[in-house]
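Given next are the chains, with one letter for each unit.
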Amino acid sequence: MSAVATNPERTTRALTLLREALASSPLELETAGAGEGRRVRDELVAQVDDYLLPRLRELRAPLLMVVGGSTGAGKSTLVNSLVGSEVSPAGVLRPTTRWPVLVVNPADLASFEGDRILPALSRTTGGPAGAGGLELVPSERLPAGLGLLDSPDLDSVVAENRALARQLLAAADSWLFVTTAERYADAVPWELLHAARERGTALAIVLNRVPDDGRDEVTGHLREMLARNGLEEAPLLVVPEVQLEPGGRLPAAALAPVRHWLDELAADADARAALVRRTLAGALASIPDRVEVVERALAQQVATAAELTHDVESAYETAHDEIEQAVTGGTLLRGEVLARWYDVVGTGNLMRSLQTEIGRIRDRIRSAIALRPRAVAEVEAEVETSVEAVVRAAADRAAERAVSAWRSHPAGRALLADAPPLDAVSTGLPAAAEDEVRAWQGDVFDLVRREGAGKRTGARLASLGVNGAGLTVMLAVFVHTGGLTGAEVAVAGGTSAVGQKVLEAIFGDQAVRELAAQARDNLLTRVDRLLAAESRRFATLLEPHAHAGDSVDRLREAMAALGAPS
Amino acid sequence: MSANLDRRLEALAQALDLAEGRLDPALVDAGRQVVDRAGVRLGFGVESTVVALAGPTGAGKSSLFNELVRAELVDVSRRRPTTAQPSAAVWGVAEPALLDWLGVRRRHRVEGNGSAGLVLLDLPDFDSVEVEHRLEVDRLIELVDQIVWVVDPQKYADAVWHEQYLRPLAAYEEAMAFVLNQIDLLAADALEACTADLRRLLREDGLGHARVFAVSARTGAGVDGLRRLLADKVTARAAAASRLATDVEVAAGRLAPHCGTGPRRGVAAADRKALAAALTAASGAPAVVRAVEAAHRRRGALATGWPPARWLRRLRPDPLARLGIGDRSDGRRRTSLPGATAVQRAQADTAARKAAAHATDGLPEPWPALARSAATRAEDAVADRLDRAIGTANLHVRPPRWWRLAGLLQLVLAAAALVGALWLLALALLGFVQLDDAVPLPEVAGLPLPTLLLAAGALSGILVGFLAGALNASGARRRARAAQRSLEERVARVAEELVLAPIEAELGAHDELRSALDAARSPGPRGLWPLGRRGGAPTEEPAGAPSRSVD
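Protein chains in written order, with the numbering used here: chain A, 82 to 647; chain B, 23 to 573.
By construction, these hints were calculated from the structure, which means they are not laboratory data.
Take every hint as true, because none was put in to throw you off.
Reference listing, derived: stretches of chain B covered by chain A, where coverage requires no fewer than 3 residues with Cβ under 8 Å from a Cβ of chain A:
| no. | segment |
| --- | --- |
| 1 | 68-80 |
| 2 | 90-104 |
| 3 | 142-152 |
| 4 | 167-178 |
| 5 | 372-381 |
| 6 | 389-399 |
We put the beta carbon where it would ideally sit given N, CA and C, even for glycine.
Bound-form chain B, shown alone (with noise of 0.2 Å):
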């Protein structure tokens, strides 16, 4: 039983860990309280039973008291209210302490007849124009372990009693039980009727399988009845531990509705996919895309193009130079990306706005609203963190490395071509001083080798400048595209992080508040009451009194 409660405790301690600060704090705090509670009344062990009686003033519960005590241990009175302060009667030795915590300064001890460990409350009234009797009786209902109503046929069908009481305390039916007293004043049939009527209102509260004991505190009819429950519950040992776990199931139960039912739902792929397309956006990446290709095609053309054109292609920046973006960025600079725009924030804001509506679809509030501050609690940050993705991306700008060699042949094809018009320049300038045959002029296949040189070196050189200037083109966009994938996991990666996580972080929230709360709220397989139903039976004895008729 124990096992089973601090189990459930534990459950609902977790379960209020995570609602802190997301769940009303009332309902928390609250839950705070029976988990303290029931620590410090475990900590007095089960051995003791306390029992309370409570009902409304004129009742007859000091008469009740003193016939349970079988002593005059409490005054009974005309004037109401009569008890302003509660009284407790301990049957054997109590833990003092047990009383120091329940607030009861008048003790009496009462010398056990197999009732040791009973400790039986008499509370003021919870009616009367006493308002600090009412604070007192709502203070103590809260702990403990039994609470047996007193009424009288009078005060039966009263509305306070009824409504503000019982129907909020409709879960505790076990830890209650009901005595209908001063039965002496009614007649047989009277009394049955009227025992009947507080049944059918209880049962109106939601108290179907109420405990009523019919009893005249005075003639003493029908005590025994409750005393046979008491010592029950004496002998149990578990009126405590039951009470308690009614506790952490209503604490629970009040929870509860704050959590969806239905099946778990997680951020949708769609969602997901819509984010990192407002957040690429935002991030300038396609710029950089665009840069990477273009930067490819000039870095290409300076090193492969034909060597005469490349001052052309030096008149431009590095595409990705200007955009602050290095070939290996440390991602300590900022990149010059322009910042995002309005509408880039805007569209992005709305991405995970719709991705945390969407993932808590169906779940009722707080959740929406936490997972939508959770996605946008890092919206600040998040342009910086695109920036560092960016330029911390590997862009695959690395040169190729037949560059070099193209590079290198360009060299050669120009140097050959400069070898021929040099030498034709040799040739015509000796020619222009009559010196023709100082230079040889050998032949290749019918040509003259300087013109073969010249115009071969220079086409070749512009040939290959083509050539290279394709396959640089379609390097340029396969570098584009590989750049585009780098980015883009990046970015969906910052996505992941400061959008899609809190949001999973809060559904998880809510997923472990919703199973510690079906923990705190299962009974567990050994059964929440072992108790059983014993001594529930009404005692209903024929009144002695002469029959009187109230109305």
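Next up, chain A with everything else stripped away, as it sits in the complex (with noise of 0.2 Å):
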């Protein structure tokens, strides 16, 4: 620790970026570790910003004591009766104290007014300080050197209170944690005597309200709790339970202990400053292993938003790979299509006997399709309502992949609970697979213009003409890999038998053949680009959680500025 007293504004830099760094660490999905996470994060934030930098600035600055206990543990009675006079209402309705009380001595009282300390609370003297406030009390009664804070009861029934009660303890120099015969053994002022502990904040016991009979048995009971629990260096100072002076004062032999310890305390700046250095020494010896909480807790929010993504990413994978196995796999369009296509092309029972004289039914096809656009258009649009058919079975299916797999995991539920039903194909998926596939359309016609003016085109597609040789292309992206047998066209299409030889020399042709594929990557790509901005509604709730890697780098960046191996 001599690198605080010797640099102390390396380590004020160095806790200014740690600080940064914890308070943008993004710890709000569920995970088992993410609520201890934000706890910590947010103490650890608070206490930098409250206490180490505000100590580090000024290391000689006066020492700030709070008062802190449970609600009816006698805090304000305590203070009262120290100080003399009434500066924190105290009574039996709880919670008594709703705002922090800063009793200090004149000569501190210009230490305690700026913002050096406690820069949230807005500071009032001489009335009682409103929400968000600190009443600020000059006394003569307390000696100079150290600042007594009243603060509220650490386990009231106003959760406002409660937070304030935690964020003063977090910026003390030292704790004067006032607990009573009857109240010793409560759960929650343990939980924040090891929270104490484990920040090295210097800490001294009041055990007030002791009945004469229990004495010894209560405090020799305390003692071994503390000793338990480690805290066996800790002052335990006994104030028996007594009839209050007028006024709600203690009487000054019951207070006797108390006083005696801040006297001695106030009298010796060496005790006080060693007091300081401890409770600093301690609160930065305690930042690696909070560190290594959040840390913990952000590897957690890292794991798990890739496991959310990963479900995501998969549920759509699949869909992807079905729209693929439909598009390719010659089924998409065994029989309405082709059935028009047939049509199109005007083959029927002609066909049959026209089998091998390929030449003239491209012939045929030719003057089928210059002569019947509307035909063609009719076409295209079953090519439309498949495709769109095809890709919104599929988007559903996997939204409902993806939605069921985050509802097995606590975070994917609480993401799921906030959004919008995700569980069924966007509504606006329809419109924009149909404007895709005609875009895709559109480019299957640009490319076999583009590719019929080249020579590569087979002089049996160019013959077809830009409409039959795009739709021809379109359909040979469909039929490539399909078994079609003539049997099944036939029974789709209520047409007649076509020959296999059909339409392996149409579709077999090498052009034909190029271009389809080429075609089909596009529409691929396509699809991609819909199944992605569907994909994209879970992405968006993940978006606000996806950095916490980075924030675990600026968190290791920042300790090792500290010289804290984190």
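Assembling the complex is the task here: the two chains are given apart, and the hints tell you how they should meet.
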């Protein structure tokens, strides 16, 4: 810790870095350690803001002693009695202290007035502070060199009070922890005592309202408990249960142990400095372990986000495969579109007799297509409907798979709970799919037009004209690998058998095959784009949690700057 | 009371059976525990009333216990926490099995003074560092008939009590009473303020009618009011049933938000139609319909066509036979219809999902998902079932009776033409060998008979063939329409069975679950709280102790 003494600036810089890294650490995914991680992160940020940075800036500033404890433990009565006037309201109603009251010697007023400590709380003097405020009370009765802060209850029914109490405790150079003979075994304050031990905060314990008949039993038991929890060094100041003096003060005799301890501390600047150093060193020493908790939580976030992303990706990959299979498996258009195509090229009973005379068929195709543009449009529409139907069903199933994968995970459940329903395709998908297919058809015609100008295209395809060639290429995409049999075509189309040879002759053409391969890639790229838009609905939910990995790096950097291995 | 509770428990059990596998298993398990617990508790009879003293450490539960029992049965100590094991004080006799069930081993018998049947438990604290104590409290407050919370002026505002116990238990207001102990430490005005503040906090917890007793276990002040309340509870013998009724209500209330509230929705007619259309397309029915038409024409032509032209028809195979659909298929053989294309399957799938989504519109999760998975569960079986439905459909392809007549007529006409032809041939042959008169040549209406026979036979044969062809064409269309109706009906039946019925089943489960939950939650005609609010007035006695202030 000599580093702190010799180079507080460097430590300050490193802490500022650390604070920023912590504050921007996303821990909102509901993982097992997220709650713990958030708590530690927020506490650490608050401690850096409220304690470490102010203390490092001014190592010799007066000591801030926070009086904390359970509701009804007698904190305010103790402070009032020490100061000798009613600075903090005490009474039977809980919680009594609704805002923090800081009592200081007038000489120290200046160092507490600024925003050196607890910058988030606005200061008031001479009157009650409102929400988010801190009342400053100068008092001659308090020795110079330390401020006494009466904090709200740790276990108050008012949640803001609880949060404030924890914040104040994190800002303290030292705690004066007040409990009573009745309360000393309560679970909530012990949690905070453990936190104090972890943070290395110097601690003194006031055991209030100890009845005479149980004094030894209770103090003995409390000492035992302190020792068991590694807090045996904390001074235990016992205040007996006595009748209060008028004005609600403790009699001087009862208060003597506390006052004596405070006076000693106030008189001894070295002891004060040692206490400050101890808490500072303890706080700094506690950082690596706590940052590690945050880091672990961040690692969980990264892993969970990756898992959720993977769920969505694999759901949509499956969709992609399904669509690709439907498109290239030769089953997409086996019925409808091919039947239309035969209509277009005018096959029928005639076809059978012309099986071997491909050249004449080609002529027929050309003339038919040239003559029947309406039929071409119909085939185009069929292609559109077919592709859209397949994409839609696959995307539907993918959404369902992704949602059910997310539902099985608490983090995924939480994300889905706040989102609009995602277990079906987005409402815009059918229209978007139509647009994409239409654009694809346009691309195919462009392709044919472009290629047709060159010499690569076979004469056979070129002879079909742009419309016919485009249509043929489109269909070739869908029947590429399909082992289409004449019977099936006949059944589906209601036409008589058309020989496989016809199809082979037309779709087996080298130029058609090459163009079809290009057209297929183009179509699958468009399908991927549609699916990507669909899966982005999930990715958007994960977006805010995506930077956990960067935060880990930044935390490591800051820890390295702090000179402590993380 | 008990009959009413039995009815509600039954309704809850029924609701849980329906919720099993559908709603959150944790909720269902919690509900089952309520039903099981109620069965066990009612089995012990309502003659005993189990009252637990619960509270934070140091509030004086044990002191109050001793005061109520009027004996030092349990240790009171300065050391915190004091009570680790629950103790029971039994007025009169109680079923030992009841105490075994409660898991209370330390038992004391109290000679009854009018409270026979009271079982008073002194629970451990719930807020100390000892976690086991808390677990014991959590276990027991699930089981007891009445909880008396004991707090003191120091601890009445503890967050742990209000947030983790009272707010979740707000529905059990009738089964709880509140004791502000140690009032001997407060001045009269402080006591009043303190009680009012406790009431305020209780109101914020949702316990606006809570019974609050200000007592001092040390001086005995105010304890009588609490005694009276307990005596009333014991004599009314309703505390157990009342608590269990609240259990049922809470368990049902937790499930209720997972059901819809609006009017019942079914599968929309439009969705039904769309699904049938998609499945019809996927089933290959249109191809079959076309085949029926073609087959009828072909068979008609074979039966009634002009015999010399029939051979042309024979060259093409029978369209129905090619699909593997016989006239009377037994359905055990698969048809040779091509499988549904990816598009048709996709359209059928989408139609099923749409039907499910619309049918559960407005219902909370998981019902839309349940309906969707119900609608798509039989996806793999659909193709097979459709095929069988098509294969076994009555396609109305039986040959009409007039075909035989027409066929006979064609034969007669063909025979006549043949006779004429042979006659002419004979004449020609005989003429060739100059035997002109060997065969007679009668004339009818100025035309030679053989010529007439040949011409009339052939012409009328062709004419009949045309007429029959026209008749067959319209017959084929009629049959196609009939086949279509029949096929559509069968496909619709498959849709109904494999897709729509499962959706309706889920909707039916939802409706049943909802009405079972309603039944479980409704107190019934006799009223939920027969007990009234006797003994509810808090007794505030001035504290005799020296005035102290606790901050």
